[in-house]
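**Q** Modelling step: build the complete structure from the supplied sequences, incorporating the hints.
Listed in order, the protein sequences are those of chains A and B.
The numbering of the first sequence is our numbering, which starts it at 92 and goes up by one.
The numbering of the second sequence is our numbering, which starts it at 19 and goes up by one.
There may be inaccurate statements among the hints.
[Unchecked claim] Derived BS3-like pairs (lysine-lysine); straight-line CA-CA distance at most 27 Å:
#1 B:Lys73 to A:Lys335
#2 A:Lys649 to B:Lys170
#3 A:Lys762 to A:Lys407
#4 A:Lys762 to B:Lys92
#5 A:Lys146 to B:Lys170
#6 B:Lys151 to A:Lys146
#7 A:Lys782 to A:Lys391
#8 B:Lys92 to A:Lys552
#9 A:Lys762 to A:Lys451
[Stated by the list, open to error] Residues of chain B placed beyond 10 Å of chain A at every Cβ, according to the derived structure:
#10 Leu122
#11 Glu134
#12 Ser162
In case anyone wonders, no lab produced these hints; they're calculated from the structure.
Think of the CB as a built atom: it goes at the ideal place given N, C-alpha and C, for glycine as much as any other residue.
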Amino acid sequence: MIPIDDPRLTAYVLGECSEEERALVEQASFEQAEIAEEIVSIREMHGLLHAGLHKENILDSSRRTTVLEAAQQRKITWLYWAGPVIAASICASIAIPLMENTYVEKPAVNIVQVDGVDEKRQSIKYKRKGIEVEESEAAVSTTETGGVAQFMTVGRSAPSKKEPVSVEYHIGGGDYNEPIVMADGLPSQAPVYGLHDTIVEERKESSLRGSVIHGESVPVPEQNISRESYDPIYDTPFKKVTDKGNDVSTFSIDVDTASYSNVRRYLQQNHQLPPVDAVRIEEMINAFDYVYTAPEADDKHPFKYNVSFRDCPWNKHNRMARVALKGKIVSAEQRPSCNLVFLIDVSGSMQKRNKLPLLKKAFGLLLEQLDERDSVALVTYAGSSGLVLPPTSGAEQATILAAFDRLSAGGSTNGGAGIQLAYHVAQQAFISDGSNRVILATDGDFNVGITDKEELVTLLKKRAAQGVFLNVFGFGMGNTKDDMMERLSNNGNGTYAYIDSIREARKHMVEQFTGTLVTIAKDVKIQTFFNPEQIAAWRLIGYENRRLAARDFNDDSKDAGEIGAGHAVTALYEIVPLGSDIPTTGVDENPFTSNEKQEEPLVRVSTYGTQPAFQLRLRYKTPQGTISTLLEEEQTDRRIVLGFPRADSESDWAIAVAGFGLLLRGDQQNKSLTWESIINMARSARGPDPKGERSECIRLMEIARDLQ
Amino acid sequence: MSTREQWIRLLLDQHEPFLMAWARRFVQDTDQARDLVQETFLRLLQQPRASVESKLPDWLYTVCRNLAIDRIRKEKRMKQQDSTVEIASTCEPPETHVTQHESLRSLHSAISTLSERDQKVVRMKYTDGLSYKAIAEQTNMTVSNVGVILHKAMQHLRSELQGSQL
Numbered sequence: 092m093i094p095i096d097d098p099r100l101t102a103y104v105l106g107e108c109s110e111e112e113r114a115l116v117e118q119a120s121f122e123q124a125e126i127a128e129e130i131v132s133i134r135e136m137h138g139l140l141h142a143g144l145h146k147e148n149i150l151d152s153s154r155r156t157t158v159l160e161a162a163q164q165r166k167i168t169w170l171y172w173a174g175p176v177i178a179a180s181i182c183a184s185i186a187i188p189l190m191e192n193t194y195v196e197k198p199a200v201n202i203v204q205v206d207g208v209d210e211k212r213q214s215i216k217y218k219r220k221g222i223e224v225e226e227s228e229a230a231v232s233t234t235e236t237g238g239v240a241q242f243m244t245v246g247r248s249a250p251s252k253k254e255p256v257s258v259e260y261h262i263g264g265g266d267y268n269e270p271i272v273m274a275d276g277l278p279s280q281a282p283v284y285g286l287h288d289t290i291v292e293e294r295k296e297s298s299l300r301g302s303v304i305h306g307e308s309v310p311v312p313e314q315n316i317s318r319e320s321y322d323p324i325y326d327t328p329f330k331k332v333t334d335k336g337n338d339v340s341t342f343s344i345d346v347d348t349a350s351y352s353n354v355r356r357y358l359q360q361n362h363q364l365p366p367v368d369a370v371r372i373e374e375m376i377n378a379f380d381y382v383y384t385a386p387e388a389d390d391k392h393p394f395k396y397n398v399s400f401r402d403c404p405w406n407k408h409n410r411m412a413r414v415a416l417k418g419k420i421v422s423a424e425q426r427p428s429c430n431l432v433f434l435i436d437v438s439g440s441m442q443k444r445n446k447l448p449l450l451k452k453a454f455g456l457l458l459e460q461l462d463e464r465d466s467v468a469l470v471t472y473a474g475s476s477g478l479v480l481p482p483t484s485g486a487e488q489a490t491i492l493a494a495f496d497r498l499s500a501g502g503s504t505n506g507g508a509g510i511q512l513a514y515h516v517a518q519q520a521f522i523s524d525g526s527n528r529v530i531l532a533t534d535g536d537f538n539v540g541i542t543d544k545e546e547l548v549t550l551l552k553k554r555a556a557q558g559v560f561l562n563v564f565g566f567g568m569g570n571t572k573d574d575m576m577e578r579l580s581n582n583g584n585g586t587y588a589y590i591d592s593i594r595e596a597r598k599h600m601v602e603q604f605t606g607t608l609v610t611i612a613k614d615v616k617i618q619t620f621f622n623p624e625q626i627a628a629w630r631l632i633g634y635e636n637r638r639l640a641a642r643d644f645n646d647d648s649k650d651a652g653e654i655g656a657g658h659a660v661t662a663l664y665e666i667v668p669l670g671s672d673i674p675t676t677g678v679d680e681n682p683f684t685s686n687e688k689q690e691e692p693l694v695r696v697s698t699y700g701t702q703p704a705f706q707l708r709l710r711y712k713t714p715q716g717t718i719s720t721l722l723e724e725e726q727t728d729r730r731i732v733l734g735f736p737r738a739d740s741e742s743d744w745a746i747a748v749a750g751f752g753l754l755l756r757g758d759q760q761n762k763s764l765t766w767e768s769i770i771n772m773a774r775s776a777r778g779p780d781p782k783g784e785r786s787e788c789i790r791l792m793e794i795a796r797d798l799q
Numbered sequence: 019m020s021t022r023e024q025w026i027r028l029l030l031d032q033h034e035p036f037l038m039a040w041a042r043r044f045v046q047d048t049d050q051a052r053d054l055v056q057e058t059f060l061r062l063l064q065q066p067r068a069s070v071e072s073k074l075p076d077w078l079y080t081v082c083r084n085l086a087i088d089r090i091r092k093e094k095r096m097k098q099q100d101s102t103v104e105i106a107s108t109c110e111p112p113e114t115h116v117t118q119h120e121s122l123r124s125l126h127s128a129i130s131t132l133s134e135r136d137q138k139v140v141r142m143k144y145t146d147g148l149s150y151k152a153i154a155e156q157t158n159m160t161v162s163n164v165g166v167i168l169h170k171a172m173q174h175l176r177s178e179l180q181g182s183q184l
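**A** Rendered as structure tokens:
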């Protein structure tokens, strides 16, 4: 007999017993049930401690310290804008010609924000060329998510190029003896004033390299740090129809194409595979023209939809369902009048050949399409923002082109003020029944002078509701704030395209001119109810960032994507007919409980195709409408019954591009999804390809294959 | 300690072993896995807390996985040869870890209720993998002393964790 809290029981589990003790404990565990139970409990605790504490399962102390030190650093975000712009956008009565002169050499209000603040008394010193310009005490607001201190300083003017600026952050109000964080940068070399470009981030990069910057102005070499940023994309797993809430798929359509151009840029110009989060599969698919039937001019709905099925090339048991939408075609003669306000980023980083010069050529193409029906205005933004060209008739091509030609790059970015001014101008020149748009062109270094992103989003939504939509065109590389651009265009009822070449510019400015400028339906949502008697599981390929909650489908206040004239939209579902195995990608595997058996696959049944596979529902609003129209139809996969193994080549092409995207995103759930199979499929689905776009895509697939 | 640091400390305590297990599915060696987990947390710190908090913990797993893929590709490019390294099959961020392993997530807070001496002994045993004897030598205690301390400490942790689950 041994007592239940004998330390030898623990020693036994930990393998620290002598032979005799071991025999004794084992004997006791046979005779005393409570001892056996106690040993099980100790083992559980032992396993838990091992999982949570063993050095193999945790960071070593130096890495942990690095993370915790990084957490201690206050994150300084430097936002600033020129004061008069705010006044102008609030006070709508100021005449536009007056505004033009007020943006130069006026005081700039600097807002510096510091995250992670606990202390009550804070102050900031703002230095230019090492000389103190301003000091300011903060208003500290502590929220649930940690304290934020905001400082406002008034500089004499925005800092010029190559002028060292620094911010010193002090705790304790008037005591300036020891700055807690000192951050420095040169505006020309490091665009430190972007929304995400915090000065401290640079310091972090530096401290990772092992040197701590303190008290000196240290330029950060641009080539070492990629300033591109992408929102993480969460891969869509297979969803079992029988699981609660998983029998329905709801998402917003998306006609953006920026991701494809960006992928092309990576593969062709950089000879690199793109970062995983830069690959948005739906944008790759939608970057191509498809031969879909467009609605007639007198059709009731502004777009036509069609569903087709075929076998899945990378899993012979699965089916692919393609949902295709095609917007009404609007000819150049029928198009409404356009009120366009170009908002052009002329910050220093735009100097490069593939930015401002390409931008001028690209918009030159667009301007050629305009005439006396239209109005064009030009607003620039950099260190200060200004109206370069007041609203001018589209017939005055020479005046407009001259204004574009005069654009030159210089200064740092102040996008927030620029966007307010652009919307203000657009509102002033508003054309009822026309297409009213702000067209933003930038390399992505978009600083927000409005205190935060949310306010900007609110502004965009408000203006979109008033009928001014937003197009975003990205240019250049190395600086792309892809996540920011996508968010702006989504909230501004607009599109986001990435212009990497004059050919891509021609596509958006000339070939799809009316698609770019004329919205035919807005807030287009798709909802699919899967039939549990036909479908075991499904996944939507792409559209990860466009998924909506099921209840948002009927909620007309919830924003969704727009379709432009003639735009084609394609969405692909990979569906697992009832009776097939569900691919394991979507099933969570738990590394701590790996022995659980998977459910046995059901016997394959042949009733698939005898009933509708799903019900497809669509909602849309007219461009100025507030109430949505509902379309719904049941879809049956008859081809398998009728013995047609394949759908048309248009659907094959979309699926091949989807496979390309899946491979780029590292989706290796299936050994049959290989570069060769995708390239072969693309070759046979290429079709006439008059513009060579599909052939180019096949070359990109080959480059990617070789890089991988 | 700033609230930001407390936040990160808590996230580390709760998710570190899960993220390490997750990272090791993509890279073979522990050191590389640690790099990935460290980088994941450094990326987290670059995000405004308010914008990312609602997406946790999925955000951590997704970013960790994507960093892993980018890293494997970069290595392949550098080696300029076909590598045998394979990217593990993609999968949903392991949400089940989070729901099924409440005990492990609460482990660090339970450990913090132990006396400093007991915490040290537990860590010497589990993190450093030392034997009773080695621990006794380093702490100037007897072997049976160490055995009693560990035994009591584990009993205490069990009751703490049971309490936290109620």
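**Q** Indicate, hint by hint, whether the structure satisfies it.
**A** Hint-by-hint comparison with the structure:
1. Restraint check for B:Lys73 and A:Lys335: the C-alpha separation of about 21 Å stays at or below 27 Å, so the hint holds.
2. At most 27 Å may separate the alpha-carbon atoms for a hinted pair to count; A:Lys649 and B:Lys170 exceed this at roughly 57 Å.
3. A C-alpha spacing of about 12 Å is found between A:Lys762 and A:Lys407, which places the hinted pair at or below 27 Å, so the restraint holds.
4. For the hint pairing A:Lys762 with B:Lys92, the CA-to-CA distance comes to about 22 Å; that is within 27 Å, so the pair holds.
5. For the hint linking A:Lys146 to B:Lys170, the alpha-carbon distance of about 23 Å falls within 27 Å, and the restraint holds.
6. Pair hint B:Lys151 plus A:Lys146 holds up; C-alpha atoms about 20 Å apart against a cutoff of 27 Å.
7. Distance check on the hinted pair: A:Lys782 and A:Lys391 sit about 32 Å apart at the alpha-carbon level, beyond 27 Å; violated.
8. A distance of roughly 40 Å separates the Cα atoms of B:Lys92 and A:Lys552; the hinted pair therefore is violated under the 27 Å criterion.
9. For the proposed pair A:Lys762 and A:Lys451, the alpha carbon gap of about 46 Å is over 27 Å, so the pair is violated.
10. Chain A draws B:Leu122 into its interface by the beta-carbon criterion, the shortest separation being 5 Å against a cut-off of 10 Å.
11. For B:Glu134, the shortest C-beta to C-beta distance to chain A comes to about 16 Å, beyond the 10 Å cut-off, and the non-interface label holds.
12. The non-interface label for B:Ser162 is inconsistent with chain A: the shortest C-beta to C-beta separation is roughly 7 Å, within 10 Å.
Violated hints for the displayed structure, listed by number in ascending order: 2, 7, 8, 9, 10, 12.
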